[in-house]
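Student: Residue numbers (this note's numbering), protein chains in the order written: chain A, 1 to 249; chain B, 1001 to 1247.
Do not take every clue at face value.
[As the list claims (entries may be wrong)] From the derived model, a few chain B residues whose C-beta atoms are all more than 12 Å from chain A:
#1 Leu1044
#2 Ser1103
#3 Leu1121
#4 Met1164
#5 Ser1173
#6 Arg1179
[As the list claims (entries may be wrong)] Simulated crosslink set (BS3-like; lysine-lysine; CA at most 25 Å straight-line):
#7 B/Lys1010 with B/Lys1225
#8 B/Lys1010 with A/Lys71
#9 A/Lys185 with A/Lys157
#10 B/Lys1030 with B/Lys1020
#11 B/Lys1030 with A/Lys78
#12 A/Lys111 with A/Lys74
#13 B/Lys1030 with A/Lys74
#14 B/Lys1026 with A/Lys108
#15 A/Lys111 with A/Lys123
#16 A/Lys45 with A/Lys185
#17 A/Lys123 with A/Lys157
#18 A/Lys108 with A/Lys45
#19 A/Lys45 with B/Lys1010
#20 A/Lys108 with B/Lys1020
#21 A/Lys45 with B/Lys1020
#22 A/Lys78 with A/Lys5
#23 A/Lys185 with A/Lys123
#24 A/Lys71 with B/Lys1030
#25 B/Lys1030 with A/Lys108
#26 B/Lys1026 with A/Lys78
[Unchecked claim] For each label pair, taking beta carbons as the anchor points, the in silico distance ranges come out as:
#27 A/His132 with B/Leu1046: 27 to 35 Å
#28 A/Met243 with B/Ile1033: 49 to 57 Å
#29 B/Val1142 with A/Asn119: 30 to 38 Å
Source of the hints: derived by calculation from the structure; they are not laboratory data. In this text, a Cβ means the ideal position worked out from N, Cα and C, and glycines have one as well.
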Amino acid sequence: MIDVKNINKSFNGKRILHDVSIGFKQGEINLVIGASGSGKSVLTKCIVGLHEVDSGSVEYDGRDFTQMNFKERKSIRKEIGMLFQGSALFDSLTVEENVKFPLEMYTKNSKEENLDRVNFCLKRVDLLNVNHLYPAELSGGMQKRVGIARAIALNPKYLFCDEPNSGLDPRTGIVIDNLIQEITKEYNITTIAVTHDMNSVMETGENISFIHQGKKWWDGNKEDILKTDNEELNEFVYSSKIMQKFRNI
Amino acid sequence: MLSIFHHIGKYFLLLGRVFKSPDNFKLIRKQIIHEMMSLGIGSLGLIAIISMFMGAVVTLQTASNLNNPLLPAYLIGYATRESFILEMAPTVMSLILAGKIGSNIASEIGTMRITEQIDALEIMGINSASYLIFPKIVAALVFIPIIVIYSMFLGAFGGFIVSMYSSGMTIESYVTGLRYDFRAFSIVYAMIKTVFFAFVITSIPSYHGYYTRGGALEIGKSSTKSVVYTSIVILIINYILTQLLLL
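Can you build the whole structure from these sequences, using the hints too?
Tutor: Here you go:
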């Protein structure tokens, strides 16, 4: 469970987040949706500590992350896995070395134990025989899978996904969404996914927060989102022709 | 003007993070070896070519200017040795390395910044500045002095080759000149300069790469800026150290 309480964040005097409070539930995919520039990525970066909040707090199972120093945060960071929009795999390392990286950094496992764990994680994301390839040799979908494998290598309690299916074809996007959903349930992880993809929302949206102009505008689930009378949310949801047709059915 | 102080302050704050105790010594050791291979070994070929040709040209130019019969021929070798030990090898090679290694470091770290690889390290709880920059600085402090000594030998060797095939000088007089009035302090002076230059060659481009914002265009700008600032700082340090150590 992650509790975000009254977060505010400004850059160069421009306020990006206004008093945002959201509770993210364990064992569920918590979606943060919103248009580009709405503040959803800043919100995620504040939650994981890449940006310091101006005021408010972020609690990981009751532990106030915003009040901790770099060393104290380390204990929580070991419990966080993150899948980046562009995968953020280390270019100079092979797939195997990428997934092994957090294990080498934080565990005292033997080489064999680490290799077993790497192979387990890669198998879990359906990647076989790619251990010695470099990220540049993989397709976008495969890079995302390696990113997921690296994110789950240390058995995280919290998983963050920044636009997990951006740049992927719809079919591969759904495969990645389903994979994240399966992993969330299997390991009872608190997963937070930032997206503006309606396919993802309809596929995985159990607990959805809509961010608009830096404020939490609406929350609910994938059933509620189709029936809401919230004007801004409807504009966002039904912005594409296919969704407009769907509404008229 | 204020912007300069802002950058200097930010640079020293970054260095403070770089020299914090590393998260995992084993991984840092591995990185240092990797950096020595990529930054050091990768530069040997270029330095060899430049040093030999510069040694040859300095020898020829000195020979063409020392055509007075009252001046002993061994001065050609002496001048080549002195110019290589005091200036060509430590300063000119460092300026060349600032271009080669510096742009490489700035673009590598800059790319890691804009592709969120540095964010990935931070989220894992790793001090990214220390993990990425510290091994480069250590590798440069170890390897660049070796490259500079290698350049001194190859410069002298370039002159030696020329003395074999040019009229107006002999191998014997060139070798006598190389050995004439040798002072070990010249090497110490060159090594002191080199250590400072090695630090600058890695830390300034790392700073520019680390704070890159934007996209591919900004990576190019960071890379160019890093080479320009590194070269200027090398020349300033060169002047200060020469004043302090030789006069």
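Student: Does lysine 78 of chain A lie within 25 Å of lysine 1026 of chain B when you go C-alpha to C-alpha?
Tutor: Since the Cα atoms of lysine 1026 of chain B and lysine 78 of chain A sit roughly 19 Å apart, the hinted pair holds (cutoff 25 Å).
Student: Are the Cα positions of lysine 108 of chain A and lysine 1020 of chain B separated by 25 Å at most?
Tutor: 22 Å, holds
Student: Would the pair lysine 45 of chain A and lysine 1010 of chain B pass a check requiring their Cα atoms to be no farther apart than 25 Å?
Tutor: 22 Å, holds
Student: Measure nothing beyond the straight line between the CA atoms of lysine 1026 of chain B and lysine 108 of chain A; if it is 25 Å or shorter, mark the hint as holding.
Tutor: Roughly 11 Å between the alpha carbons, so the hint for lysine 1026 of chain B and lysine 108 of chain A holds.
Student: Regarding the assertion that serine 1173 of chain B does not contact chain A, is the least Cβ-Cβ distance greater than 12 Å?
Tutor: 51 Å, holds
Student: Looking only at beta-carbon atoms, does the pair methionine 243 of chain A, isoleucine 1033 of chain B fall within the given range of 49 to 57 Å?
Tutor: With Cβ atoms ~54 Å apart, the hint holds.
Student: Run the distance test for lysine 1030 of chain B versus lysine 78 of chain A: straight-line Cα separation, threshold 25 Å.
Tutor: 22 Å, holds
Student: Is the nearest CB of chain A more than 12 Å from the CB of arginine 1179 of chain B?
Tutor: 46 Å, holds
Student: Check the hint pairing lysine 123 of chain A with lysine 157 of chain A against an upper bound of 25 Å on the C-alpha distance.
Tutor: 20 Å, holds
Student: Quickly compare the C-alpha distance for lysine 45 of chain A and lysine 185 of chain A to 25 Å and report which way the hint goes.
Tutor: Holds, because 24 Å separates the two Cα atoms, which is no more than 25 Å.
Student: So does histidine 132 of chain A sit 27 to 35 Å from leucine 1046 of chain B, Cβ to Cβ?
Tutor: 30 Å, holds
Student: Beyond 12 Å from every Cβ of chain A: is that where the Cβ of leucine 1121 of chain B lies?
Tutor: 9 Å, violated
Violation of the numbered hints given earlier is confined to hints 3 and 18; the remaining hints are satisfied by the structure.
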